[in-house]
Amino acid sequence: MSEFKPTILAFCCNWCSYAGADLAGVSRLQMPPNVHVIRVMCSAAVKPEYAFKALSEGIDGVLVLGCHIGDCHYLTGNHRTKKRFPVAQRILKDVGIDERRLRLDWVSAAEGEKFQQVITEFVSDIKKIGPNPLREVKM
Amino acid sequence: MTDRVVVVGGGIAGIQAALDLGDMGFEVHLVEKSPSIGGHMAQLDKTFPTNDCSLCILSPKMIMCADHERIKLHTYSEIDGISGKFPNFKVRIREKARYVDITRCTGCGDCAAKCPVKVPSEYEESLTNRKAIYLPFPQAVPRKVTIDGAHCRMITQKKCGVCKKVCQAGAIDYDQKDKIVDIDASAVVIATGYDQMNVSLLPQFGFGIAKDVVTSLQFERILSASGPTGGHLVRPSDGTEPKTLAFIQCVGSRDAKTHVYCSSVCCMYATKESILAGEHAPNIKTTIFYMDMRAVGKNFQEFVQRAKKSYGVRYVQSRPAKLQPAKDGKGVLINYEKKGTGGEVAQDEFDMAVLCPALEPSKSASKFAESTGLKLDSDGFFMTPDLQHPVDSTSKGIVVCGFASTPMDIPDAVTQASSAAARVAEMISGGGC
Amino acid sequence: MPRIGVFICHCGHNIASAVDVEKVAEFAKTLPDVVVAAHNMYSCSEEGLGAIRKSIEDNKLDRVIVAACTPRTHEPLFRRNCERAGVNKYLFEFVNIREHVSWIHAKEPEAATEKAKMLVAMGVAKAALLQPQEEMESGVIPVAVVIGGGISGLVATSTLVSQGIETHLIEREPQLGGVLKEIAVIGPEMKKTKELLDSIVKEIKSSPKAHIHLSSRMTDLSGFVGNFEITITGADKCAEKVKAGTVIVATGGREWSPQGEFGYGKMPGVITQLELERKLAKGDVPDSAAFIQCVGARVPGREYCSRFCCNASIKNAIRIIEAKPDAQVTVLHRDIMSYGTAAEKAYRDAAEKGVRFMRYGLESLPKVEMAGDELHVDVYDETLDDIVGMSVDNVVLAVPMVPIENVKDLAMMLKVPVDKLGFFLEAHVKLRPVEFATEGVFICGTARWPSSVSECIAQGLAAAAKASIPIRMGKVKIEPITAYSDPEKCIACGNCVQACPYQAIEIVTSKEGRKYAQVTEAKCKGCGNCVAACHNDAMQQKGFNTTQLSAMIDALIKNALEVAE
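Residue numbers (my numbering), protein chains in the order written: chain A, 1 to 139; chain B, 1 to 433; chain C, 1 to 565.
Some clues are possibly wrong.
Stated by the list, open to error - With the Cβ distance kept under 7 Å, some of the chain A side facing chain C (calculated, not the full set):
1) E57
2) L75
3) A110
4) K114
5) P133
Worth flagging that the hints you see were computed from the coordinates, not collected in a lab.
Ideal placement from N, C-alpha and C gives every residue a C-beta, glycine not left out.
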């Protein structure tokens, strides 16, 4: 059985976490290649439906990365993201998807190292949780 | 009073000044003596402390300059003279004959491929050759070829003519003459930048004597993927990868016999080049011989720490007195005094050595100063004696930015370029104060 | 049917060293709606851009994807390139395979190539669903606000008003001048500070366009470039609202206090550089002094170099010796940072005048003790390889400049970032040193990074130049990433109205009596909060709509998961 290579989606906000990801790149901080970034303007623009869709169709993990509380470029966006998050996790749990496959974290534009750390940890955690059972495996 | 400004020098400072002035609504004429704008920044592989790819961050600005509706580029051009006084300067621009009609040239390169004449490439710091008809580098702006009349057989001996035969756009014109363009401008911005000192004048450093002693700009070209070695870190004598590398700081700088001043950027770029060397050749052992490690900007100290901790770069506080070839003309022997030993002299061998030469104001600056009456200091930098107006030259209406005024790095040059634009706006919009 | 062109960039060896660019291009050809896939060495060069334009023409492309570096730098360039070739600039999608792939997976080329393919597939899926958009223009209030009346803020204000731009200068102290007020002479130029400050303040005050608010602070800021609303609160607690087009941050820094270092706070002769400045200004010149450089700087926990302290010490050392030619002055340092022309010459000048320079190391710090009534310093000089002792009137600690205390509050109000040290983070450290990523807000002086006086002045000028551009042009372009609702789907629940941080949405009634949410485009900042708050899929955001993002997720699933294990 070949090693489990998770496929992970990350929503990064333009002003903080996407810039932090860029900084990680500029600083050449190495990390596992499992995470695919979708750029959005604000973490609060990430509909929980996207996470539900991704996880119910086989994606192994979904990361939502926004600005630190108090620093949101759009003032209150990340507060919404923070409030929404436990509800989304609860829904996942109720439908039988491991809620740990959805994670929320805050990365600022100056935190290349934090981005590296979050990615590395999340990939490692998902590897421990295992492949998403809803993933279709074609032989 | 017009809203026309001439910017002299198309390096990063000149480009930024032109862009700011254009955005502010002024009509800008950007004059550059080489066939392309970009200056020395276009030769660098990466820039400190982020190690951004230099051309990647520069070429969008170059293209914005070329595209800007209020900026006119005069490349391969020089300033013949400036007369008049603020706000009525008369600037005479000499557009040198390229012998190429740039409205027809498509930059395809067929001509250069067939040209039989080889000339040491200025862009590649003479590490390799270009042709007599050439594009200085692939990302040149404008992307048009130029015939170097001094080396072209047709221009000097009326022989050859291959490029004209091969050019499908019909762009070659051997009869082209220099064109004089007179501009009435209210202000002039000088951004003529720097040139590396000719280190052959200091034979004790072994340049031109030991094959494996190169200058830092040559090293940038060696590191660069689009350079003469395809980005492979190899030494000139035998094309092998060096296992040991030395940087010599302050070659000609901080030296009462040549230049007393400090060239400002060399501590940082040597650190950068040593990090890049470590990325190209992970087991390389690099030593930087320095006097004071001037890492004063944002994130600069961390950059030096990174070189020490992640790349094992050794910083030795010492001023090597002599570099000479090692056995069989390969490698370099470096004599230096060991600190705190009361004068003990060591001689270490390195596979390759990089000299960080003094950076002098561009030669075009002194020509320019003569024709305009602008005062230069004893080192040839344009004087900006009024602290309250740090970009004002000694002539009202003429401002200076970037290295032309004093050694500085890219962010400071970019800042000063915007300062120059502000001063021009102040003088012109402010009714001349 | 969209006709998509995909262009993969090598970026020299920045991308190509880890990502097999040709394989990615080959893969792109297999994606739906992709008509052509090519790769080039430097897409952002004239050649690269020209090749893309030619391909658009030859292949009649109506959607373009470039897979290269980060959109945060080059997106405008490639958008304009599409426009030149006749393709609406919003029918362009940028895929980041450098900062997000080649640079962070440098040792895993196979995985990096696979990831690049996935990101391209996601980009293609989004591009197929992009719609042409037009930029809007918004007016600019022809007023600038400068926060901070130190040297940088003063110069910025002076430059703005002399261009005829109305400017409000906000200063929290009762006088203008900032830290520079405490320094009588500026080095290495040796210019009298009072002359400099008086001259600049005079220029400002002589302009009817300048409004100076002393003992005041900015207590609120709202709006966006061209249309900021700023609340200025004075000492009397009166709040004044000012509308402005652009804002310059020039809030400076402060001297770090070296409590407990080298006897500071215990031994009366141990003083900081600013305390020495005050002494010298009163004519109180010591007969002997030892300057200790890098106190609290270039140490674990505060690694940075504060840039001008060496030059400040050299200037003061020269002043002491010129006032008292027999004075014994020593500078204990860990590198002398006298970069450039004037500063290096001043260093030489000081040495020639008899100032001693001794190099010490972090491992063996100078010892400062009281020997009876006298202050005594012992230092291991690395060059002499010996310990040198001296008795001095004063030990002057050259300490770093640090950010002001409430910098985080200010940053939050302005919606701009600060770095880990508390210095403001500019848009790009190399090429945009006086700008923030947030449009319309600019930075100069020590608030960004400790800078010499001449550098502060240059930065003040530069920030003023940038701040004047939108005002001079009279308009700014608004990116069409605004939200809009579908009245058919909207059930007027009001979630979006609540979610919007800018009150840009209201429930309106159609002619037929149907209630639905409507967005006022000029107020919409394109955050997308309303989209996520809408459970009926009625609210959408241009360039980030739900079908587009869902398609990206589908593309990842299809290409990454439906592969044999």
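Min Cβ distance, L75/A to chain C: is it shorter than 7 Å? It holds, given that the least Cβ distance between L75/A and chain C is near 4 Å, below 7 Å.
The hint names K114/A as touching chain C; please verify it with the least Cβ-Cβ distance against 7 Å. 10 Å, violated
Interface hint outcome for A110/A [beta carbon to chain C under 7 Å]: 5 Å, holds
Hint check: 7 Å Cβ-Cβ cutoff, P133/A to chain C: Since the shortest Cβ distance to chain C is 13 Å, the answer is violated.
Minimum beta-carbon distance criterion (7 Å), E57/A to chain C: With a minimum Cβ separation of about 5 Å from chain C (threshold 7 Å), the hint on E57/A holds.
Consistency note: the structure conflicts with the earlier hints numbered 4 and 5.
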